[in-house]
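Asker: Given next are the chains, with one letter for each unit.
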Amino acid sequence: MGNKRGNFFTITCIFIGMMLSTQMVNAQNLIKGKKIFETRCLVCHQADGGGVPNMNPPLDGSTAVNGKDIARMVKIIKNGLDERVAIDGMYYNNAMIAMPDLTAENIADVLSYIRNSWSNKAGLVSLAQVNGALVKNKSNKK
Amino acid sequence: MKKGLTLCCLALCINAVSGIAQDNAGLTLPAGFKANLFAENVGSARHIAITKSGVLFAKLNYPNKEGNSIVRLEDANQDGIAEKISGWGKYGGTGIYVKGNSLYASSNEAIFKYELNSKDEVVNPLSPVTIVSGLIDRRQHNSKSITFDKANNIYVNIGAYSNACQTKDRTPGSEGMKPCPILDSAGGIWKFDGSKANQTYKDGKRYATGLRNVVGLDWNTATNQLFVAQHGRDQLNTFFPNLYTDAQNAELPAETFYAINEGDNAGWPYVYYDPSQHKKMVAPEYGGDGKKEGSNEFKDPAVAFPAHMAPMGVLFYTGNQFPEKYKNGAFISFHGSWNRAPLPQEGFFVAFVPFKDGKATGEWEIFANGFAGVENGVKVTNTSKAKARPCGLAQGPDGSIYVSDDTKGSIFKISYLK
Chain A
0 MGNKRGNFFT ITCIFIGMML STQMVNAQNL IKGKKIFETR CLVCHQADGG
50 GVPNMNPPLD GSTAVNGKDI ARMVKIIKNG LDERVAIDGM YYNNAMIAMP
100 DLTAENIADV LSYIRNSWSN KAGLVSLAQV NGALVKNKSN KK
Chain B
0 MKKGLTLCCL ALCINAVSGI AQDNAGLTLP AGFKANLFAE NVGSARHIAI
50 TKSGVLFAKL NYPNKEGNSI VRLEDANQDG IAEKISGWGK YGGTGIYVKG
100 NSLYASSNEA IFKYELNSKD EVVNPLSPVT IVSGLIDRRQ HNSKSITFDK
150 ANNIYVNIGA YSNACQTKDR TPGSEGMKPC PILDSAGGIW KFDGSKANQT
200 YKDGKRYATG LRNVVGLDWN TATNQLFVAQ HGRDQLNTFF PNLYTDAQNA
250 ELPAETFYAI NEGDNAGWPY VYYDPSQHKK MVAPEYGGDG KKEGSNEFKD
300 PAVAFPAHMA PMGVLFYTGN QFPEKYKNGA FISFHGSWNR APLPQEGFFV
350 AFVPFKDGKA TGEWEIFANG FAGVENGVKV TNTSKAKARP CGLAQGPDGS
400 IYVSDDTKGS IFKISYLK
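The listed protein sequences derive, respectively, from chains A and B. Under numbering that gives the first Met the number 0, the letters of the first sequence match residues 0 to 141, in that order. Under numbering that gives the first Met the number 0, the letters of the second sequence match residues 0 to 417, in that order.
Bound conformation, chain A alone (with noise of 0.2 Å):
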């Protein structure tokens, strides 16, 4: 018994050490988003991501956090959002404040956390995919 339990072991362990180059940066990536969701996020759009009714968006089953429009989401979190627009159909009347001291790196980690925690499942978001839309967005504000 002990033996077959040895067994198990030793092939998880091989079948994670081929893994680990790749899902390591994820998860790393995944426990920073967690962490920056938790200081900065959480208080409005709460640890189930389920927001407060008329106050603050769900991110858990957002259309946008789920989508593709990664350069929408970058703006938001370092520009803020403050108006009258519709999120699956709601309105929210809470203020979502700017947060421009977040790095490009903050952000990526923070939107895979989004993007991939409660039902959410979305792709990662990259590093490379952040400054990108940065880069777009201040094209576009000029």
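None of these hints come from the bench; they were simulated from the model. Keep in mind that the hints are not guaranteed to be accurate.
Said to hold, decoys possible - In silico lysine-lysine, DSSO-like type, Cα no more than 30 Å apart, as pairs:
hint : chain 1 : residue 1 : chain 2 : residue 2
1    : B       : K201      : A       : K77
2    : B       : K201      : B       : K177
3    : B       : K386      : A       : K120
4    : A       : K74       : B       : K167
5    : A       : K120      : B       : K384
6    : B       : K386      : A       : K74
7    : B       : K177      : A       : K33
Chain A is fixed; fit chain B onto it per the hints.
Answerer: The following block gives chain B in isolation, referenced to the frame of chain A:
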């Protein structure tokens, strides 16, 4: 075996208890009270008002699935459940009030007046009289809650479109503006003439100031005085982590209930009320550090409630149905918090504030609990998981009280059985 039996009995007992609770529409109430669902799924029901014949009007935050933003509910067969339900109106809002044969309702920037016929039906649903318009709506704290004095004056909340009047709202390091320019047109209670059409700011009067956002307010007819419940400022810990821990933010500042006289200043944004020190403290945006006491020119609350619970409705009880202790006391509904996170949330109940000789005794108790739909003793951690969030309060002609929920649109009726 014996143990098994005891366990079995216990389970039965628990079942029986929760069975009783279910009978009260899931609410826990003091002995002798019962509750039932007067209506369900009416829409995002904010404040409610009841006519002398018992017809209930609910103001919705958004038009419901029928496309109406004011709903009329009538319990014609008197079984405690509304069966005649209709509606009209396209504008979202919070305020609603029945005054004689008039029904007043507010959007987030105006107050309208409708006329009721002898059956308490609205005569002019599509052509109300505009009483006041042009009130500031910048999304944050935009509920124009209303109440009336005996002389037909309207008192309307114009909430501050800001958390703490920083140069840049909710931005770490941004200083508080002094004087706070928001207070010229918001952050207070304005008084208007309830019988005059087409008023704007210049026709009204700033009756009280330094009130960040008042959703619940009522005129105490026993003492002829306005009472308001303020939503205290948010996020002391997120903006000033070196001054306030998460645990301190969860308890600071108090949600405050004030007895208002004309000209009063409750001190927002310059001070907040610390319920454990029983003191007004200088807000950190204005140089405070959690220890510096605020100026005495600002008003003290009549009652201080735990932080962030969000008082939504105030109702002075004038009925004869409830036991004597409730007479001329105040019910206050609490929506339930969000800014206590990461700590568990609080609120989601209706409190009662006893009054003696026209003054709040300072004590308060939970009157109706269980709206959130979580098991007894379990806390709501994430606000959106609360099944119902108490909002509006109104008293029926028989002395029962009604509580609206703006999440699922339930209206609870609470009565006392002698």
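Asker: Give a verdict on every hint.
Answerer: Here's how the hints hold up against the structure:
Only pairs whose Cα atoms come within 30 Å are accepted, and B:K201 paired with A:K77 is rejected, the gap being roughly 40 Å. Between B:K201 and B:K177 the alpha-carbon distance is near 24 Å, which keeps this suggested pair within the 30 Å criterion. Distance check on the hinted pair: B:K386 and A:K120 sit about 26 Å apart at the alpha-carbon level, within 30 Å; holds. In summary, the hint linking A:K74 to B:K167 is supported, as the alpha carbons are separated by about 18 Å, within the 30 Å threshold.
For the proposed pair A:K120 and B:K384, the alpha carbon gap of about 21 Å is at most 30 Å, so the pair holds. For the hint pairing B:K386 with A:K74, the CA-to-CA distance comes to about 33 Å; that exceeds 30 Å, so the pair is violated. Only pairs whose Cα atoms come within 30 Å are accepted, and B:K177 paired with A:K33 is rejected, the gap being roughly 37 Å.
In this structure, the earlier hints numbered 1, 6 and 7 are contradicted, and the remaining ones agree with it.
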